[in-house]
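Engineer: As a plain string of letters, each chain reads:
2 protein chains.
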Amino acid sequence: MSVKNAFYAQSGGVTAVINASACGVIETARKHPDKIGKIFAGNNGILGALREELIDTSLETAEDIAALKHTPSGAFGSCRYKLASPLQDIAPYRRLIDVFRAHDIGYFFYNGGGDSQDTAHKVSLLSKEMGYPITCIGIPKTVDNDLPVTDNCPGFGSVAKYVAVSIREASFDVASMCENSTKVFLLEVMGRNAGWVAAAGGLASQNHGEAPHIILFPEVPFDQQRFLEKVQKSVQDHGYCSIVVSEGVRTDSGELLTHSTSFDAFGHIQLGGIVPTIARMIKHELGYKYHWAVADYLQRSARHIASATDVEQAYAVGKAAVEFAMQGKNAVMPAIVRESNHPYKWSIGEAALADVANIEQKIPRDFITEDGFGITESCREYLLPLIQGEDYPPFRDGMPYYVVLQNNLVEKKIHDPSAAW
Amino acid sequence: MSVKNAFYAQSGGVTAVINASACGVIETARKHPDKIGKIFAGNNGILGALREELIDTSLETAEDIAALKHTPSGAFGSCRYKLASPLQDIAPYRRLIDVFRAHDIGYFFYNGGGDSQDTAHKVSLLSKEMGYPITCIGIPKTVDNDLPVTDNCPGFGSVAKYVAVSIREASFDVASMCENSTKVFLLEVMGRNAGWVAAAGGLASQNHGEAPHIILFPEVPFDQQRFLEKVQKSVQDHGYCSIVVSEGVRTDSGELLTHSTSFDAFGHIQLGGIVPTIARMIKHELGYKYHWAVADYLQRSARHIASATDVEQAYAVGKAAVEFAMQGKNAVMPAIVRESNHPYKWSIGEAALADVANIEQKIPRDFITEDGFGITESCREYLLPLIQGEDYPPFRDGMPYYVVLQNNLVEKKIHDPSAAW
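Heads up: the protein sequence lines correspond to chains A and B, in order.
With my numbering applied, the first sequence corresponds to residues 1 to 421, in that order.
With my numbering applied, the second sequence corresponds to residues 1 to 421, in that order.
Any given hint could turn out to be false.
No distinction is drawn between identical chains; accordingly, a pair holds when it is met within one copy or between any pair of copies.
What the hints assert, rightly or not - Below are the DSBU-like pairs computed for lysine-lysine, each with C-alpha atoms no more than 35 Å apart in a straight line:
(1) Lys38 with Lys230
(2) Lys362 with Lys283
(3) Lys362 with Lys289
(4) Lys289 with Lys412
(5) Lys128 with Lys35
(6) Lys82 with Lys289
Quick caveat, the hints were computed from the structure, so don't treat them as lab data.
Note that the structure is a prediction, hence the values are computed from the model and not measured.
Chain A with its partners taken away, still in its complex shape (with noise of 0.2 Å):
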């Protein structure tokens, strides 16, 4: 086999270990310069591959590429882009296809979510399709724990450890004003469609009656009398009610709370942002103060507080790409595969691009207790592993010292035929 540059991009919405996957994939191409010339990185994630704006990272340190471990965020720019399906719109798939051909590019690395894994599939097919086959494989990476197959996805461990030691912490605040001042705190977290991220909160409760006292799922239609029951029992029993509350939550309808009208009966119309309206909603039928938070992008790039065993799968699923693509492999993904709980042990399995892309893995049934508003036991022993370890990243000054690279980009070899990108 003859020696091919290699092409990765970061898609979507970034993590705070979707650089530690860079890095993997990176250092392991590198001790394969038998069969993987150049490693170049879409600046701004498949759009660098689409506009012809290649990263050379040849160019940086093996020091800066070693801190890609430690530093959250894309390093190479990511960006919200799907492929519309090569039988409405072929025209970028044969873009890409040129783009890699004039850069000799043979390996195709794709991190991202469920749309991203599509999108690497369908390269794989066109390619040989059009002459030019390219060797795809998909990393997996989503703060939505979405992905099928593999048993968790890269970047959520992390986002969960923050979300579970945030509610804790916010927690024991609200518990020591709650005698004459707030009683009830919630917290807004990210999970569109699936609670994954809601549920890890739950993980701060570790004995009955502890905070949260609450989770709001996406998989829960929103019950407002039950709700508002559940409040006033936990302030009765504990003095504050602490509230774990999914971005996604929907109504009975299926409507996003955060755009419903139902709450209009108070006046108040939405800016964006469920917890508002909710804690409002709260005070004006139980008259409870509240406070409320909005972790937004603070909780999928808080690296400083990422769970290590992310960070460690978050690299082996990069230098699993890697590898697969030097046994031959194509169309594949490396995936998470739990060998047991206790101890927890996992290892890296291989799951095809075909049975990953566009499927979206919501949280079983029975991983929420039957009330809807709490975890299980089971869902507990599932999410628990996960979290696991500290890995700090390194402090110079006070403050965590993340790298900005280089990102210098290679000579455009083709004449682009429009602004279309």
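Starting from the known structure of chain A, fit chain B onto it as the hints suggest.
Structural biologist: Structure of chain B alone, referenced to chain A:
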């Protein structure tokens, strides 16, 4: 001097390190059995004294007391309760002194902000007048960093570190996404009257052009036009704009932006939280996609990323408070004195409660850049030492271990004359 009992209370909003001060008080007091008998803690702050709900800390193990040093929140409960002037209502002061007398309490350690120092000062004066003189020592605490005399306030360094780390991490995230997605990120932080916490966000920007690009201070009237121009320029120059917003941002006329209706022209009504409003304004005027986070209690309870300097100082002021009392001092507060910046050296000085009470220390104008959107080198020089060092709590099974004390109440000795408290 005979043996007297001591009373310790936590006041107002709690912090990541107020328990470290409690630890300093209790561990030090336990070393003086010749002068200090039992150390009682107020159940929910000063309310515990008024209600005669005294926690017997002698029933807590040395191990649990030591664990306070790494536990956020107020371990004995806090409250928001400001005693009126004795000229208006002498009753609560009488009651306090009655309770202190009934439980043979000779030392009152009050851990809080400006109001609490004022209360401690008044109790010191009145107890003498009432024939039961009590040694009153204040212990500084406030995330707002707004006490005078002391160089800085325990609690602030940790929230400063949290905010600086969080805005750096979230800014790395948005920098990855800005090519075709989010262009503006806003983080709302505490500080209703003083912008110290917001200023700390500026520590994330070590070189020109680094995030955050804008800080909105309560001390600088909000100028919509100039703000929008700066946002636009940041996006043009850096591809994105990262903003730290103090909850206390005000209009020219001193009105809190959260309460203003100046954006009603957009048809949006506010729900509390200033960043959703500012975010909408940016979207409306400049068209940029945005994300926002509200840190709320997360910032002041984030013991997992506490400043080691802050923890050390919090403990030191607790320890010094007891030592002051042992030296026969009264109506004073241990203050942090900055000895030098390079290297950073500090010591514990002494402030008269009369000089501390009810004075709010705002940011000096020369700590804010001329354009009003950033911090100066003098400000950085002041802030940087306060976030030095990491003091991670112990972790068990992936989660920080925070202690919950027994908090056993001692038997009441006086008939409660009313249910007023």
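Engineer: Next step is simple, just say for each hint if it's right about the structure.
Structural biologist: Here is what the structure says about each hint:
In this assembly of identical chains, Lys38 and Lys230 lie within 35 Å of each other by CA distance neither inside one copy nor across copies; the values are 58 Å within and 40 Å between. For the homomeric pair Lys362 and Lys283, the shortest alpha-carbon distances inside one copy (31 Å) and between copies (32 Å) are both at most 35 Å. Taking CA atoms no more than 35 Å apart as the test, Lys362 paired with Lys289 passes in both settings, with 33 Å inside one copy and 28 Å between copies. In this assembly of identical chains, Lys289 and Lys412 lie within 35 Å of each other by CA distance solely across copies; the values are 30 Å between and 60 Å within a copy.
In the homo-oligomer, the alpha carbons of Lys128 and Lys35 lie at most 35 Å apart inside one protomer (19 Å), although the nearest pairing across protomers, at 87 Å, exceeds that limit. For the identical chains of this complex, Lys82 and Lys289 are inter-copy neighbours only, at 18 Å across copies versus 43 Å inside a copy, given an alpha-carbon limit of 35 Å.
Going through the hint list in order, the structure does not satisfy hint 1, though it satisfies all others.
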